[in-house]
Every structure is written in structure tokens, then in C-alpha cells.
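J.: With the sequences and hints as input, model every part of the structure.
There are 2 protein chains.
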Amino acid sequence: MGKKVKTAITPTRDEDYPAWYQEVVKASDMAEHSAVRGCMVIKPWGYALWENIVSKLDKMFKNTGVKNAYFPLFIPKSYLEKEAEHVEGFAKECAVVTHHKLEQDENGKLVPAGKLAEPLIVRPTSETIIGESMSKWISSYRDLPLLLNQWANVVRWEMRTRLFLRTSEFLWQEGHTAHSTEEEARERTMMMLEVYTKFVQDFLAIPVIQGHKTESERFPGAVDTLCIEAMMQDRKALQAGTSHFLGQNFAQGSNIKFQAEAKEEEFVWTTSWGMSTRVIGGLIMTHGDDDGVIMPPKVAPSHVVLIPIIRKPEEKRKIIEYCQSIKDAVSAREYGGRKLIVEIDDRDIGGARGWEWIKKGIPVRAEIGPRDMENDSVFMGRRDKSPKEKEPLKREEFINKIVDILDDIQNNLYNRAVEFRKENTHEIDEQKKFYDFFDSKNQGIHGGFVHAHWCGSAECEEKIKKDLSVTIRCIPFNSTTEQGKCICCNSTSSRRVLFSKAY
Amino acid sequence: MGKKVKTAITPTRDEDYPAWYQEVVKASDMAEHSAVRGCMVIKPWGYALWENIVSKLDKMFKNTGVKNAYFPLFIPKSYLEKEAEHVEGFAKECAVVTHHKLEQDENGKLVPAGKLAEPLIVRPTSETIIGESMSKWISSYRDLPLLLNQWANVVRWEMRTRLFLRTSEFLWQEGHTAHSTEEEARERTMMMLEVYTKFVQDFLAIPVIQGHKTESERFPGAVDTLCIEAMMQDRKALQAGTSHFLGQNFAQGSNIKFQAEAKEEEFVWTTSWGMSTRVIGGLIMTHGDDDGVIMPPKVAPSHVVLIPIIRKPEEKRKIIEYCQSIKDAVSAREYGGRKLIVEIDDRDIGGARGWEWIKKGIPVRAEIGPRDMENDSVFMGRRDKSPKEKEPLKREEFINKIVDILDDIQNNLYNRAVEFRKENTHEIDEQKKFYDFFDSKNQGIHGGFVHAHWCGSAECEEKIKKDLSVTIRCIPFNSTTEQGKCICCNSTSSRRVLFSKAY
Numbered sequence: 003m004g005k006k007v008k009t010a011i012t013p014t015r016d017e018d019y020p021a022w023y024q025e026v027v028k029a030s031d032m033a034e035h036s037a038v039r040g041c042m043v044i045k046p047w048g049y050a051l052w053e054n055i056v057s058k059l060d061k062m063f064k065n066t067g068v069k070n071a072y073f074p075l076f077i078p079k080s081y082l083e084k085e086a087e088h089v090e091g092f093a094k095e096c097a098v099v100t101h102h103k104l105e106q107d108e109n110g111k112l113v114p115a116g117k118l119a120e121p122l123i124v125r126p127t128s129e130t131i132i133g134e135s136m137s138k139w140i141s142s143y144r145d146l147p148l149l150l151n152q153w154a155n156v157v158r159w160e161m162r163t164r165l166f167l168r169t170s171e172f173l174w175q176e177g178h179t180a181h182s183t184e185e186e187a188r189e190r191t192m193m194m195l196e197v198y199t200k201f202v203q204d205f206l207a208i209p210v211i212q213g214h215k216t217e218s219e220r221f222p223g224a225v226d227t228l229c230i231e232a233m234m235q236d237r238k239a240l241q242a243g244t245s246h247f248l249g250q251n252f253a254q255g256s257n258i259k260f261q262a263e264a265k266e267e268e269f270v271w272t273t274s275w276g277m278s279t280r281v282i283g284g285l286i287m288t289h290g291d292d293d294g295v296i297m298p299p300k301v302a303p304s305h306v307v308l309i310p311i312i313r314k315p316e317e318k319r320k321i322i323e324y325c326q327s328i329k330d331a332v333s334a335r336e337y338g339g340r341k342l343i344v345e346i347d348d349r350d351i352g353g354a355r356g357w358e359w360i361k362k363g364i365p366v367r368a369e370i371g372p373r374d375m376e377n378d379s380v381f382m383g384r385r386d387k388s389p390k391e392k393e394p395l396k397r398e399e400f401i402n403k404i405v406d407i408l409d410d411i412q413n414n415l416y417n418r419a420v421e422f423r424k425e426n427t428h429e430i431d432e433q434k435k436f437y438d439f440f441d442s443k444n445q446g447i448h449g450g451f452v453h454a455h456w457c458g459s460a461e462c463e464e465k466i467k468k469d470l471s472v473t474i475r476c477i478p479f480n481s482t483t484e485q486g487k488c489i490c491c492n493s494t495s496s497r498r499v500l501f502s503k504a505y
Numbered sequence: 003m004g005k006k007v008k009t010a011i012t013p014t015r016d017e018d019y020p021a022w023y024q025e026v027v028k029a030s031d032m033a034e035h036s037a038v039r040g041c042m043v044i045k046p047w048g049y050a051l052w053e054n055i056v057s058k059l060d061k062m063f064k065n066t067g068v069k070n071a072y073f074p075l076f077i078p079k080s081y082l083e084k085e086a087e088h089v090e091g092f093a094k095e096c097a098v099v100t101h102h103k104l105e106q107d108e109n110g111k112l113v114p115a116g117k118l119a120e121p122l123i124v125r126p127t128s129e130t131i132i133g134e135s136m137s138k139w140i141s142s143y144r145d146l147p148l149l150l151n152q153w154a155n156v157v158r159w160e161m162r163t164r165l166f167l168r169t170s171e172f173l174w175q176e177g178h179t180a181h182s183t184e185e186e187a188r189e190r191t192m193m194m195l196e197v198y199t200k201f202v203q204d205f206l207a208i209p210v211i212q213g214h215k216t217e218s219e220r221f222p223g224a225v226d227t228l229c230i231e232a233m234m235q236d237r238k239a240l241q242a243g244t245s246h247f248l249g250q251n252f253a254q255g256s257n258i259k260f261q262a263e264a265k266e267e268e269f270v271w272t273t274s275w276g277m278s279t280r281v282i283g284g285l286i287m288t289h290g291d292d293d294g295v296i297m298p299p300k301v302a303p304s305h306v307v308l309i310p311i312i313r314k315p316e317e318k319r320k321i322i323e324y325c326q327s328i329k330d331a332v333s334a335r336e337y338g339g340r341k342l343i344v345e346i347d348d349r350d351i352g353g354a355r356g357w358e359w360i361k362k363g364i365p366v367r368a369e370i371g372p373r374d375m376e377n378d379s380v381f382m383g384r385r386d387k388s389p390k391e392k393e394p395l396k397r398e399e400f401i402n403k404i405v406d407i408l409d410d411i412q413n414n415l416y417n418r419a420v421e422f423r424k425e426n427t428h429e430i431d432e433q434k435k436f437y438d439f440f441d442s443k444n445q446g447i448h449g450g451f452v453h454a455h456w457c458g459s460a461e462c463e464e465k466i467k468k469d470l471s472v473t474i475r476c477i478p479f480n481s482t483t484e485q486g487k488c489i490c491c492n493s494t495s496s497r498r499v500l501f502s503k504a505y
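Residue numbers (the numbering used here), protein chains in the order written: chain A, 3 to 505; chain B, 3 to 505.
The hints are simulated quantities; they were obtained by calculation from the structure and are not laboratory data.
Wrong hints could be hidden among the right ones.
One copy or any two copies: either way a pair holds, since identical chains are not told apart in the list.
[Stated by the list, open to error] Distance condition first, Cα-Cα at most 25 angstroms in a straight line; then the derived DMTMM-like pairs of lysine to aspartate or glutamate: (1) Lys103 to Glu267; (2) Lys111 to Glu87; (3) Lys58 to Glu90; (4) Lys84 to Glu105; (5) Lys396 to Glu25; (6) Lys58 to Asp145.
T.: Next comes the structure, spelled out in C-alpha cells:
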């Protein structure tokens with residue numbers, strides 16, 4: 003292989019993927035652990051990415067008729083108990099508020115006081131509290147469909163946390179809709195999965211596989227859970243969004259009924275669907291390289307950084323003016339529905355600037371020294387290429403081509419991810435081969451997505467999970483009917499499902 | 003007075019202002035109380051207003067160099083204790099998380115389990131938790147100024163709640179900045195107050211008075227608290243935004259130090275500033291009338307509603323098409339930096355539609371029946387005028403004038419509020435007159451803003467508060483030096499301050 007290339011991130015992905023991830027997040031200045039158990043601090047560069055995600059997704063939701071609202075942070079314990087599976091799923095890891103003030107004890111220490119009659123749970127998800135409102139707001143078929151979404155923080159207590167991927171508090175949106183028919187609710191469940199798919203593929207440049215969760219992997223209380231699954235560069239799966247058809251389960255729990263046209267009172271049919279800050283982890287793990295994050299241009303916090311190279315103080319004013327003129331011209335252009343955002347980094351820290359922006363993943367860098375200015379040009383580097391691969395471009399050319407360059411980066415990131423997934427996706431029909439493939443001793447070489455036959459039994463699913471830490475990520479929509487033998491028990495199966503290790 | 007005009011809201015403002023307020027919020031479908039103690043549900047029409055407020059304020063912050071970030075919901079008890087006055091101010095009314103799961107007891111009942119070693123407080127404000135991050139992020143003068151903001155939910159336990167005005171959970175933004183000099187921090191404190199002033203006056207159409215809070219009314223831990231105070235239609239004051247100069251108090255509590263250029267290590271100077279969903283209450287109480295809310299066009303969730311009047315089913319298609327053509331033309335126009343939002347309300351509920359939109363406060367309504375269509379016109383009503391005062395306008399005229407009409411409404415609302423405040427603001431120099439003015443027995447007639455002399459003593463301030471429930475809202479920036487006698491103790495005073503009852 004020749005001598006090792008020096009990289010900005012240590013360790014590299016190949017050396018230690020989990021450590022690489024933590025280091026990339028840190029080096030990109032996107033987020034960090036806080037001193038508060040399991041909670042993260044999202045720093046400006048990471049939050050700006052989240053703002054772009056929110057802004058785009060929010061528009062997509064609204065285009066389907068959804069309206070935003072806001073519901074209480076706290077859920078009375080009794081609400082959580084309204085749906086049996088739901089309480090099972092969420093009671094084990096929640097933040098419980100038991101008091102409403104602090105008072106000094108005899109030693110002057112502050113202790114909880116004002117005990118609440120009923121403990122409150124910090125929302126892990128809001129089906130039950132929103133169901134309470136729905137039961138008041140809905141009385142007739144005229145009130146349906148009710149299409150709501152909220153942007154909020156939620157808390158699920160976690161013992162082992164990882165920035166963006168698994169934190170006790172995270173930010174998300176949760177959509178909640180109510181319908182008069184099962185058909186309409188199922189259509190909405192699918193419609194929102196399509197919105198997620200489009201967003202994740204077109205904006206985050208992450209290819210995904212759509213499918214149904216198996217019964218054991220469903221959202222607690224759901225009749226059907228649809229999901230999109232992406233492959234990270236360690237060949238593990240990450241669930242990037244879910245959309246649940248809840249049947250009438252929550253309607254019954256919260257007593258949400260409507261008067262059908264010329265009919266009896268009926269329970270409504272509900273759905274819920276969510277996407278969280280977790281997709282940021284997915285973005286980093288899909289595109290990041292051994293030099294740091296790579297931001298897909300359509301959601302990048304900034305698109306271009308201009309780095310003036312000033313060797314003599316007397317040159318400074320002219321070079322900055324030159325940069326400013328380029329910034330003005332580039333900022334007037336649009337890509338992905340946003341005006342381009344251009345940074346001028348004139349900090350007095352020399353070459354460290356370029357590497358900082360590489361680690362942050364800004365799509366395009368342009369260095370501008372006295373000679374570039376003389377030549378009326380810039381020295382451009384693209385984040386999807388090697389840091390050394392830079393090219394001089396005439397100023398006008400740079401300005402005129404910048405949108406095409408960004409689009410090329412966006413497409414390149416997507417295509418690379420599709421290619422990577424293709425290389426690491428297999429059909430396996432023999433149990434031994436399947437076990438070998440996922441054997442953790444072979445992880446450096448093996449692992450990935452496997453389409454294999456499954457008989458449909460929870461026992462086989464559980465055995466594979468126990469033996470290999472491999473789960474059925476989904477029953478893909480596009481898996482065609484095909485006769486085969488279950489990879490676990492060898493009994494008859496009529497289609498393949500998607501197996502993988504997962505985050 | 004002649005016979006009473008029928009109004010959409012009962013009681014009217016004159017009959018019972020607090021009850022009018024509750025009824026207006028309900029009738030406008032903006033928010034409601036939830037079953038969770040002290041927490042509100044913000045419904046789509048209210049949340050859309052909040053989104054417009056957020057969107058505009060956020061841009062204004064960013065224009066001053068502020069960046070958004072996100073910090074944990076939970077604050078360890080020990081953090082709150084870092085600043086003595088601060089813990090005093092906030093420990094009395096906070097939500098305390100003491101456990102991290104629920105478990106079934108022997109009777110099968112879910113009870114809190116997994117007791118935390120240290121209780122966590124749901125943030126009532128984030129100075130201490132953000133200070134913790136600042137102490138890590140700041141080491142040199144190069145890291146300053148650090149200009150952060152977060153949009154978040156906060157919780158301050160309240161026993162008596164009122165939608166938007168006082169709820170246990172509310173939404174807000176909190177800005178937190180750190181600076182190398184006192185002067186720069188004080189400038190930032192003032193700069194953000196100016197942002198609030200501009201926003202509240204130009205967008206919410208609420209005139210405000212800027213000033214300093216007295217020592218006893220300051221934010222716990224602040225050296226100086228600047229505020230803007232608005233007058234509601236019951237002539238009480240509402241604090242619409244605050245900006246705090248925190249000196250080095252929180253820097254010392256959280257150990258936020260920086261290496262000054264060629265100098266010793268020093269503590270930074272910090273500021274914080276916030277505006278919350280409370281301003282929505284202020285907007286309702288400033289502009290609302292006996293028919294409901296009046297939305298200032300610059301922040302209105304929608305600007306125009308078209309109400310097709312369909313008497314025969316066969317007319318429907320043509321009238322809806324006519325409405326759609328108007329909608330398309332009007333939606334292409336802009337006001338206050340936003341494209342106009344137009345609703346077509348073709349629900350089959352007759353005249354109730356018009357009243358619903360009046361109660362919601364949409365700035366412009368246009369009824370369109372077969373005859374209007376024949377005349378190529380619309381029948382327009384403005385929310386700032388009487389519901390009966392409607393006028394026919396030619397279609398083209400309506401489309402061409404709509405932006406001017408909205409601007410006229412915006413200005414009219416502001417000017418009415420300025421006029422009302424003027425009528426209800428007085429200079430009073432005699433104690434008896436002052437006490438009579440604020441006597442609650444006279445509240446139907448009296449009450450308002452009073453500029454009176456104050457000696458500066460906390461005792462006089464406290465006595466007036468105790469006797470009359472009247473507080474010093476602020477020491478206005480524009481109060482000139484003037485010799486006088488304290489309205490309470492008659493000793494020498496050098497300037498007037500603003501007294502009022504307040505929310």
C-alpha cells in the first residue's frame with residue numbers, strides 16, 4: 003500500500019471506527035458531552051446543520067397539509083399507562099419529576115420539596131398527551147383528518163451515550179395524525195415515510211432502504227412500523243426515520259372518537275412519525291472520511307470558505323476586498339432552495355484555518371493569496387476530494403461554476419454511498435456462511451447488509467439476535483415473493499428480509 | 003349610550019377584562035390549558051404566530067453576529083447553587099427530576115425507581131449550564147466575544163397560571179454572551195434591548211418604554227436589568243423583554259476566564275436576554291377587541307381569508323375558481339418580508355365562518371358571492387374596523403391595494419396603542435392623588451402609567467407595592483433630571499420613574 007497518508011483524524015475509520023466517530027464530532031466542533039448525564043451540547047456548527055434540516059423538513063410536512071403545534075413537556079404517569087405496550091416500552095428509561103421546588107434542609111443544603119401528588123414523566127414521545135388533546139378536538143368527521151407535528155426535545159434515559167446517535171435528551175419532530183378510515187391512516191403513514199426518504203436521499207445524500215419493521219422491532223403500541231435504513235461506513239445499519247400506523251390502539255387508550263357521517267360514533271385511526279438529531283450521526287458516518295465531516299451542500303451550515311493568505315500586513319486590505327467581492331457574488335447564488343453562505347476566515351492563525359474547515363466539512367474552500375489576486379483567480383479545494391487536490395480557477399469561472407460544483411459534490415456523496423452499500427450488500431442462503439459473515443472476529447473484512455430468507459417466527463429472529471447481535475432491519479418493500487429456506491431454522495420462507503448489525 | 007352592540011366575545015373588556023382575555027384566547031383557537039398542571043397546549047393558530055415571531059427575531063439576532071446552539075434541558079442542582087442570588091430566585095419554583103425510571107410495585111402500580119445521586123432541575127433559565135460550557139470554550143481573548151442564543155422550553159413552577167402570560171412551561175429564546183470588557187458587555191445588553199424594542203414595536207405593533215429595572219426587580223444575579231414595558235388595555239403594564247448585564251457574577255460562579263492580550267487571566271463579562279411566548283399574551287391584550295384577537299399583519303399566521311358564499315351547488319366550481327385566481331394573485335405579493343398567506347374557507351357552515359376568522363384576528367376578510375363575481379369584485383372587511391363596516395372593491399383594486407391595506411392596519415394598530423397609552427399616562431406629584439389613582443375601588447375609571455418621583459429607597463418601593471400592588475416598572479431611559487419629592491416619603495428625588503400595576 004505504500005506509506006501511510008497523514009490524516010486529520012486519529013484514529014482512522016479502519017483503525018477504530020467508534021473512536022474515529024467521537025473524534026470527528028469533536029474535531030468538527032459540532033457537539034460535545036455535557037456534564038449532565040447523557041445530555042449533549044449542540045454547538046453552533048452542529049446546530050446550524052440541524053436548523054437547515056428542520057427548515058427543509060418543516061416545509062415538506064406543511065406541503066402535505068400538516069400544521070405545527072406544541073404540547074406539554076410533562077406527561078402524567080397515568081397517561082403513559084393508557085396503552086399497555088406503550089408503557090412497557092417507555093417506563094424503563096424516563097426522567098421522573100417528583101417535586102416542584104428546592105428547599106434548604108437543617109444543614110443549609112438544598113433538597114427537593116413540594117412533592118407532587120402524581121409524578122410527571124418528561125416526554126419520551128407524545129402519543130398519549132397529544133391523544134388527550136385529540137379526544138377534545140375531534141367530535142365529527144368534519145374535524146378529520148387532524149394533521150399535527152411538533153418540534154421538541156424528548157428524553158429517554160440512556161446509560162451508554164454517543165453524541166447524536168444515542169443521548170438521553172435529543173431534539174426531534176413528532177408528527178401525529180388522526181383519520182376517519184384505516185385506509186387513509188395507512189396512506190398517511192406511507193406518505194410521511196416517502197417524505198423522509200426524499201429528504202434523507204435528496205438532502206442528506208444518504209441512500210436508504212424502505213420497509214416494515216418486524217413485530218418485535220415495532221414502536222410500542224403500533225400496528226405497523228415503517229422505517230428507512232441506511233448503511234454506515236462500518237457497514238452497520240442506522241434507522242434514519244420511522245412512520246407508525248397505530249391502528250385504533252391509541253384512540254381507544256385516549257378515547258378519541260368521531261361521529262361518522264350518518265353513522266355511529268367510531269374510534270379514529272392514528273399515525274405518528276419522527277425524525278431526530280440522530281440523522282446527524284448518520285450523515286457523519288455515511289460521508290465522513292479520515293479528515294473529518296463532509297457536509298452535503300444542500301444542508302451545509304455554510305457552503306464556501308474564502309481563506310485569504312496574507313504574508314505582508316500592507317497586502318491585507320486589498321486581499322480582503324478581493325475576497326469580499328467574491329463573497330458578494332457567490333452569496334447571491336442559490337442552491338437547494340437556499341442562498342449560498344460564504345465565510346471569509348481572516349484569522350491570524352495561518353494554515354490551521356484550512357484544516358479546521360476540512361474537519362468541519364465545508365463543501366468548498368478557496369485560498370486567495372497575492373498571486374491568486376494578481377491572476378484574478380482562486381485556489382479551490384473540494385471537500386469530497388483529497389485535501390491536496392486543489393485547482394486554480396479564474397474568479398469569474400469560480401463564481402459562475404460554484405452552483406454546479408456544489409451540485410456535483412452533492413451527487414458524488416450520494417453516488418459514493420450507493421456504491422458502498424452495493425459493495426457491502428449480499429444475498430446469503432447458507433446458515434454457516436451467514437454466521438461467518440457476521441462473525442465479529444471477521445469484522446475488519448466482513449459484515450454488511452444481508453438479504454436472507456426468514457420464516458417469520460420471532461424465535462428465529464431472537465436466536466440470530468442473541469447469537470450474532472444481528473437484527474432484521476426491515477422487510478423491504480421491494481423484496482419480491484421468492485421461495486426459500488429460513489436462514490435460521492431451514493423451514494419454508496416466501497421472501498428475503500434485511501439483516502444487519504445496527505446502531 | 004344607546005343599546006348595547008352585540009359582540010363575539012362575552013364578557014367584554016369593560017365588563018371583566020381577565021375573563022375577556024381567557025375567552026379571547028379560547029375563541030381564537032390559539033391555546034388551551036392542558037390537563038398537566040400549569041402547562042399549556044399551543045394550538046396551530048397560536049403556534050403559527052409564534053413561528054413568525056421566532057423567524058423574524060432569529061434573523062435580527064443573527065444580523066448582530068449571534069449564533070444558535072442547544073444546551074441540556076436538565077441542570078444539576080449544584081450548578082444552580084453557583085450564584086447565590088440566582089439559586090434564591092429560582093429554587094422556589096422548579097421541576098425536580100429525582101428518578102430515571104418507573105417500576106411496578108408489589109400491587110402492580112408504577113412507581114418512580116432508579117433514584118439519581120444528584121437531583122436534576124428542569125431549566126428555569128440556562129445561565130449556569132451555559133456558563134459551564136463557556137468556561138471550557140473560552141481561554142483567550144481570541145475566543146471573545148462569544149455570542150450564543152438558544153430557542154428552548156423552560157419551566158418555572160406556577161400555582162396560578164394564565165395562557166401565554168404565566169404558565170409552568172413556556173417557550174422562549176435566551177441569549178448568552180461573553181465579552182472581554184465591561185463596556186462591550188454593556189453595549190451588547192443595550193443592543194439586544196434595541197432589537198427587542200424594534201421587533202415589538204415594528205412587528206407586534208406594541209409601543210414600549212425602555213428603562214432599567216430597580217435593584218429589587220432585577221434578574222437574580224444581574225448587575226443591571228434593562229426592560230421594555232408595554233401598556234395593556236386594562237392599563238396594566240406587561241414586561242415584553244429583558245436584557246441583563248451580569249457583570250462578572252456568573253463568570254466567577256462558573257469560572258469563565260480568558261487570557262487577555264499581554265495581560266493576566268481575567269473573568270469575562272456576560273449578558274443574557276430573553277423573550278418568550280408571553281409576548282403573545284401582550285399582543286392579544288394590546289390589540290384585541292370585544293370581537294376577539296387582532297393580528298398585526300407583519301406576524302399574522304395568515305393575512306387574508308376568502309369566503310365564498312355559495313347558495314346553489316352549481317355555482318360552487320366557478321366561485322371557487324374565482325377565489326383561487328384571487329388567492330394566486332395575492333399570494334404572490336409580499337409584506338413585512340413574507341409572501342402573503344391566503345386562506346380559502348369553503349366549509350359548509352355558512353356565516354359562522356366570518357365570525358370564526360374575526361375571532362382569530364385575521365387582518366383581512368373578503369366575501370365572494372355570485373353577485374361579487376359578476377361585478378368582478380370582492381366584499382372586504384378589515385379586522386381593525388367594525389365587523390359591519392365592509393366595502394366592495396374591484397378585484398384588481400383589491401389585489402393591487404392589499405399590501406397597502408395591510409400596512410395601514412399595521413400602522414393603525416400601533417398608533418391606536420400609542421394613543422391609548424398617552425391617554426392613560428400621567429405625571430402625579432401628590433401622594434393622595436397617587437393613592438387615589440391606583441385605588442382598586444376606582445379601577446373601572448382609574449389606573450394606568452404614572453411618572454412620579456422616587457427617592458431611590460427600597461423601603462418606599464416596597465411600601466407602595468404593599469399598599470397598592472403597584473411596582474416601579476422601570477427607570478425610563480428618557481426620564482430627564484428634574485428636582486422633585488418622593489411620592490412615598492417626600493424626600494428629595496432627582497427624577498421620575500414609571501409606576502404601574504403589572505402582569
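J.: State for each hint whether it applies.
T.: Each hint tested on the structure:
1. Taking the shortest alpha-carbon separations for Lys103 and Glu267, neither the intra-copy value of 44 angstroms nor the inter-copy value of 37 angstroms comes in at or below 25 angstroms.
2. Proximity of Lys111 to Glu87 under the C-alpha cut-off of 25 angstroms is restricted to the inter-copy arrangement: shortest distance 15 angstroms between copies versus 40 angstroms within a copy.
3. Taking identical chains as interchangeable, the C-alpha atoms of Lys58 and Glu90 are never at most 25 angstroms apart, the minima being 34 angstroms within one chain and 42 angstroms between chains.
4. In this homomeric assembly, Lys84 and Glu105 come within 25 angstroms of each other (Cα to Cα) only across copies, at 16 angstroms, whereas the closest approach inside a single copy is 34 angstroms.
5. Taking identical chains as interchangeable, the C-alpha atoms of Lys396 and Glu25 are never at most 25 angstroms apart, the minima being 36 angstroms within one chain and 65 angstroms between chains.
6. Neither within a single protomer nor between protomers do Lys58 and Asp145 lie at most 25 angstroms apart by alpha-carbon distance, with minima of 28 angstroms and 31 angstroms respectively.
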